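Same order as they appear, the protein sequences are chains V and Z.
For the first sequence, full-length UniProt numbering assigns the number 1 to the initial residue and increments by one for each residue that follows.
For the second sequence, full-length UniProt numbering assigns the number 1 to the initial residue and increments by one for each residue that follows.
It is worth saying that the hints were derived from the structure and are not from the lab.
Check before you lean on any hint, since a few could be wrong.
Said to hold, decoys possible - EDC-like, lysine to aspartate or glutamate: derived pairs with alpha carbons at most 16 angstroms apart:
id: 1; chain 1: V; residue 1: 668; chain 2: Z; residue 2: 209
id: 2; chain 1: Z; residue 1: 694; chain 2: Z; residue 2: 621
id: 3; chain 1: V; residue 1: 717; chain 2: Z; residue 2: 244
id: 4; chain 1: V; residue 1: 717; chain 2: Z; residue 2: 271
id: 5; chain 1: V; residue 1: 668; chain 2: Z; residue 2: 621
id: 6; chain 1: Z; residue 1: 676; chain 2: V; residue 2: 205
id: 7; chain 1: Z; residue 1: 39; chain 2: Z; residue 2: 515
id: 8; chain 1: Z; residue 1: 240; chain 2: V; residue 2: 715
id: 9; chain 1: V; residue 1: 247; chain 2: V; residue 2: 205
id: 10; chain 1: V; residue 1: 202; chain 2: Z; residue 2: 675
Here the structure is a predicted model, which means the values were calculated and not measured.
2 protein chains.
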Amino acid sequence: MIQNKIALTLLLLLLLAGLSVGAYAEDGYRLWQRYDLVKDAKKLKEYQGRVQQVVIEGSSPTLTVAKQELQQGLQGLLGKNIGNSNMLKQANSLLVGTPQNSPAIAALNLNQQLGSVGKEGYLILTTTVNRKKATVIAANSDVGALYGVFHFLRLIQTHQPVDQLNISNAPKTQHRILNHWDNLDRTVERGYAGFSLWDWHKLPDYIDDRYLEYARANASIGINGTVLTNVNANALILTKPYLEKVKALADAFRPYGLKVYLTARFSAPIEIGGLKTADPLDAQVQAWWKTKAEEIYTYIPDFGGFLVKANSEGQPGPQNYKRTHADGANMLADAVAPKGGIVMWRAFVYDNEVPEDRIKQAYNEFKHLDGQFRKNVMVQVKNGPLDFQPREPFHPLFGAMPQTPLMMEFQLTQEYLGQATNLVYQAPLYKEVLDADTHAKGAGSTVAKVVDGTLHNYQLTGMAGVTNIGNDRNWTGHMFGQSNWYTFGRLAWDHTLTSEAIADEWLRMTFNNEEKFVSPVKEMMLQSRETLVNYMTPLGLHHIMGWSHHYGPGPWVDKKHRADWTAVYYHRASAEGIGFDRTASGSNAIAQYFPPVAQKFGNLATCPEEFLLWFHRVSWDYKVKSGRNLWDELCHRYYAGAEGVKQMQQTWNAQEANVDPERFRHVKTFLSIQEKEARWWRDACVLYFQSFSKRPIPAGLPKTDNTLEYYRKLEPKFVPGI
Amino acid sequence: MIQNKIALTLLLLLLLAGLSVGAYAEDGYRLWQRYDLVKDAKKLKEYQGRVQQVVIEGSSPTLTVAKQELQQGLQGLLGKNIGNSNMLKQANSLLVGTPQNSPAIAALNLNQQLGSVGKEGYLILTTTVNRKKATVIAANSDVGALYGVFHFLRLIQTHQPVDQLNISNAPKTQHRILNHWDNLDRTVERGYAGFSLWDWHKLPDYIDDRYLEYARANASIGINGTVLTNVNANALILTKPYLEKVKALADAFRPYGLKVYLTARFSAPIEIGGLKTADPLDAQVQAWWKTKAEEIYTYIPDFGGFLVKANSEGQPGPQNYKRTHADGANMLADAVAPKGGIVMWRAFVYDNEVPEDRIKQAYNEFKHLDGQFRKNVMVQVKNGPLDFQPREPFHPLFGAMPQTPLMMEFQLTQEYLGQATNLVYQAPLYKEVLDADTHAKGAGSTVAKVVDGTLHNYQLTGMAGVTNIGNDRNWTGHMFGQSNWYTFGRLAWDHTLTSEAIADEWLRMTFNNEEKFVSPVKEMMLQSRETLVNYMTPLGLHHIMGWSHHYGPGPWVDKKHRADWTAVYYHRASAEGIGFDRTASGSNAIAQYFPPVAQKFGNLATCPEEFLLWFHRVSWDYKVKSGRNLWDELCHRYYAGAEGVKQMQQTWNAQEANVDPERFRHVKTFLSIQEKEARWWRDACVLYFQSFSKRPIPAGLPKTDNTLEYYRKLEPKFVPGI
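Throw the hints in and build the complete structure from the sequences for me.
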């Protein structure tokens with residue numbers, strides 16, 4: 001009878017709880033940080049047996065975060081409340097901490113192992129503590145311990161065994177930094193996920209819960225820095241009212257190991273400082289920046305430093321005063337050096353006044369400055385020499401500046417990758433560049449080894465990701481955009497991870513662990529970037545997108561005030577052929593690469609077909625590897641790309657039973673939009689290039705949906721991303 | 001043993017469910033549509049007894065919505081799954097429908113009662129059906145039944161008895177319409193809750209769940225129309241690509257009884273039609289609008305019509321062609337009339353080229369047009385003659401146009417009421433205007449009777465609310481902003497509801513039913529508007545806010561290109577005194593009111609003190625009712641206002657135990673911002689006016705925080721609301 005009553009009470013409570021569960025929207029807000037119960041009963045039991053208590057000695061804001069995460073994570077995953085203790089009392093405990101704050105960990109004598117994981121790394125060990133079986137997460141810092149906690153939770157989220165752990169893990173780059181191109185009015189340049197997260201008007205008072213969730217998500221993948229503001233900078237961010245706001249964000253982020261950086265408007269000394277010049281060699285200007293930096297550090301003692309876009313696309317810079325990029329960077333570096341700050345100086349510079357091939361200009365500007373930068377400067381280089389195209393060869397600066405730490409800049413936001421609505425898993429793009437061999441010091445001198453500092457023994461290393469994050473409820477607009485945020489963090493931590501492994505992790509954490517789901521959807525992700533390249537820019541085509549907003553195809557874009565912003569500048573299609581000759585007979589951009597690379601790219605026979613029209617001008621009749629002539633191959637690629645999206649749709653539609661209805665519908669709708677956009681690209685490009693090739697679309701390929709005139713007249717309005 | 005197992009299983013399930021509940025954020029997303037379990041055990045039992053089955057015969061998209069709402073609502077409130085049926089089988093059923101779709105309701109012979117509730121009204125009756133006790137929600141239309149369902153759920157949400165219901169309810173105005181001042185780039189003019197809900201770029205394909213929640217919330221309070229776009233209009237919304245998007249929204253909203261309207265840019269025939277003129281008497285222009293309207297109706301068969309801002313603040317209009325507002329409105333009215341559309345033509349017109357007192361211009365422009373508008377035109381008039389100030393007398397057009405239906409326009413978004421962060425419950429403001437007596441047809445000719453059509457026998461009636469809704473997670477930015485959305489809907493339906501009753505309902509539905517919470521917080525809400533008037537614009541002051549963005553105080557604003565956009569134009573402070581003489585010795589604006597009102601306002605002795613400086617210019621030594629001179633009274637009011645916010649803080653802080661932590665913290669933080677802003681207003685205005693009065697701040701009042709110069713130099717940047 002009593003048991004009946006209990007059961008009934010429980011039933012009632014359950015119903016109530018269940019109702020709220022029903023109301024819990026699967027809107028993507030939780031990202032990959034879902035801690036739903038482990039469904040595999042055997043594994044669940046195994047995990048439950050292994051983790052019966054959490055022991056965290058000592059206390060700090062970061063350890064509090066770690067404790068909360070474990071509590072929430074284990075309760076969700078294991079379906080039971082795991083006790084917390086500050087003393088190890090029972091077997092199968094999870095002991096977390098550092099030798100400094102945990103006597104139990106200190107007693108384990110892990111000094112040697114800990115010595116190899118540095119400030120942010122960690123060990124996860126199955127071992128014995130006080131003669132009791134235990135799992136130990138040990139690190140040299142609290143944030144290292146927090147990273148270890150996220151790693152441990154990930155193991156359970158992805159159904160890995162946790163009974164014989166012997167993990168030693170440390171990040172391969174030091175600065176793993178998101179770049180927000182967020183303006184102070186909350187618009188986001190090239191942002192496709194709503195508007196800026198930063199509600200400046202309500203700061204510093206109002207700390208949106210979302211700021212904490214953002215920091216938490218970043219910590220979970222090892223991201224340790226964030227540049228809050230657009231590289232096309234506004235000096236106001238450096239004024240007192242805004243520094244108070246920045247401080248509030250920095251305080252909120254600090255427990256998660258996330259440092260704040262700002263973009264520095266080079267002309268700030270004039271605009272907000274009342275000076276007549278911003279000349280980096282002017283003593284007053286130097287003093288102004290030193291004072292400004294000191295002021296910033298009074299608000300934010302661990303301020304990370306500055307990111308700068310100078311003398312590029314209209315931004316002011318040292319060249320306005322006939323000084324070099326090194327002069328500019330060094331002035332700022334000197335200002336932040338006393339407090340350990342760094343300067344990230346972007347190499348994305350080009351000028352339409354310079355008659356040189358645009359993609360050669362960054363190398364020309366920076367190569368000769370190697371060795372002239374302060375020790376706390378990194379030069380931040382985009383993955384390729386143009387501008388985040390669907391496919392570019394690696395940037396020739398990688399390997400070319402042995403005395404200057406080069407930081408990688410990837411673009412997570414899909415400016416050129418279908419923007420708001422296309423599913424593109426970018427790990428293969430990032431990996432293609434990281435794995436590329438510069439031959440700077442012989443074969444095996446990969447871009448990754450430049451970036452992680454091992455090739456040139458850089459003392460500073462880093463990787464930057466231009467974020468795809470906005471105030472959309474699901475953070476990234478497209479549900480699968482989350483995978484690119486995730487990927488960036490994981491690769492910045494460890495560039496040896498494969499695209500396949502990262503997709504696997506992400507899918508399991510974000511959706512579920514069922515093979516029938518993970519396997520086909522992972523395959524879809526892995527193919528998605530190649531599919532997009534095919535329907536947008538196959539065979540090395542580049543920069544043929546819509547004018548200004550960069551949405552949709554625009555191969556016909558010409559006659560603008562800057563030739564280097566048109567499409568015809570790059571594809572050079574004519575009756576004879578198509579492509580940009582960058583060999584010795586052309587702009588000779590290949591000469592910027594080390595000889596083995598230059599030779600490979602420069603020779604039509606050895607140039608990889610994916611870079612064919614990037615480096616070579618080729619006749620329409622040129623025979624490619626498939627045996628087709630170039631024109632036919634181009635058509636086949638465009639059609640294959642559009643067809644690939646249909647295959648993605650089929651893959652996804654088959655998953656209806658394995659995904660919650662809300663996210664299923666979201667992705668399905670976005671794929672249907674992508675399918676339309678892929679056909680738009682295909683038809684517009686094929687018809688446009690056909691106006692030069694004068695050849696028919698190969699037999700067997702379906703007709704285009706509309707005429708070239710129709711596509712040329714489309715003028716999408718109010719495209720997001722300003 | 002078995003019971004043990006059941007109990008354990010339940011316990012496990014409960015834990016899991018509970019975890020998700022924990023993850024359910026109290027972020028305000030659910031608005032007042034929360035259906036948490038009735039905590040009062042006695043009432044719960046009573047409700048459970050009364051509703052044992054839901055019976056909805058017939059089917060339609062609207063009835064499906066009604067069914068879902070009852071299912072979700074009753075399950076939540078009563079903690080049990082209430083069966084659905086299309087046949088009444090048991091006692092204590094809830095029968096919902098119309099005589100047309102429900103034989104059971106038809107058999108009740110409610111024709112006479114239903115005859116009195118019109119197309120959208122409903123009956124809720126405790127009665128007997130087939131000799132079984134039942135509750136009946138009957139209406140003449142499906143949407144009437146849906147409104148009845150929301151009413152019934154509200155009774156339970158607010159813990160009202162439901163055992164002897166005899167409710168007959170019908171809306172007092174026909175068109176209850178939200179006005180979104182949303183731009184196509186998703187910025188929102190005077191929007192303080194993030195950005196526009198409408199993600200135009202992803203429409204028509206992607207229907208955000210939020211659109212449905214929005215429609216549902218509107219239906220719950222009887223709002224039946226929404227103007228999607230800004231009155232400062234963009235003609236592009238009338239082009240094919242955008243009409244396809246509008247159609248998608250209209251389709252999503254339709255089951256909830258929510259019609260879509262658009263703003264019509266008067267010059268659209270030129271801008272998108274290729275015509276040379278937009279002259280409303282030009283046959284080509286008329287034909288263009290007819291064709292355009294026909295096109296719109298092919299997409300949206302129940303399109304509501306147009307809202308127009310013309311010849312106001314730079315917008316084009318009929319006067320560009322020397323035509324009248326009636327000419328312009330009638331042309332559009334003729335275009336939408338064949339399909340039953342309406343035109344809402346705004347009376348908010350004024351021109352700085354006209355030397356007349358700005359607040360007189362709308363009356364001067366429109367009064368003489370009475371009787372010249374088509375039958376399907378309403379003239380939409382702001383509550384007061386200036387522009388949504390914290391307090392204005394009612395607009396003199398109300399009562400002055402017996403042959404022209406006048407629609408009320410309230411502003412929910414707090415352009416002049418503290419914008420993003422001030423807690424202002426606006427029902428007292430709306431009620432003050434609605435209850436004001438125009439004396440148009442003798443005493444008792446209230447504004448409400450003008451608006452509801454009873455005074456002049458209008459055949460069209462309506463109320464418009466400029467929304468405070470954006471893509472912030474909690475919809476309105478400030479959690480208490482939700483109460484103004486709620487209030488607008490409730491008053492548009494029934495203007496006889498008291499501010500107190502609406503606050504009571506809203507608090508119970510949005511927070512809880514506990515007296516210790518409802519009673520003090522309701523009091524705080526009811527006082528909030530008077531408090532704000534005191535710290536912003538006491539004693540009839542007006543239009544003394546910051547330049548352009550209207551944020552913060554700006555009594556010193558002068559010398560702009562338009563005098564009627566400055567502050568000094570309105571307050572006219574000098575060494576002698578302050579205030580705008582609008583009596584016969586001044587602009588004589590009082591003459592626009594009917595004689596009893598004009599006499600009351602025009603006579604210093606009878607003019608209500610809250611309008612003192614609105615109608616009169618008064619010396620600093622003028623004795624007010626408190627016995628103080630004007631200067632001292634002004635100071636006392638400003639200080640009382642700022643003090644009032646501190647009292648609001650005390651009230652709220654005492655509620656920590658009665659509110660979930662998330663919403664408690666949100667409101668607490670916003671109140672602390674408001675407290676700072678109130679002091680800012682107080683100090684800036686007192687110091688500024690002191691520079692004319694040359695009198696000391698009365699003894700006993702604390703010092704101001706800063707100097708006048710300090711406040712004048714504050715220039716808030718990037719204030720939301722464009």
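How the hints compare with the structure:
1. V/668 to Z/209: Between residue 668 of chain V and residue 209 of chain Z the Cα gap is close to 14 angstroms, so the pair holds against 16 angstroms.
2. Z/694 to Z/621: 12 angstroms, holds
3. V/717 to Z/244: 14 angstroms, holds
4. V/717 to Z/271: Distance ~15 angstroms between residue 717 of chain V and residue 271 of chain Z Cα, so the pair holds.
5. V/668 to Z/621: 72 angstroms, violated
6. Z/676 to V/205: With Cα atoms ~11 angstroms apart, residue 676 of chain Z and residue 205 of chain V stay inside 16 angstroms; holds.
7. Z/39 to Z/515: 13 angstroms, holds
8. Z/240 to V/715: 13 angstroms, holds
9. V/247 to V/205: 11 angstroms, holds
10. V/202 to Z/675: Status holds; Cα separation ~14 angstroms.
The structure fails hint 5 only (numbered hints given earlier).
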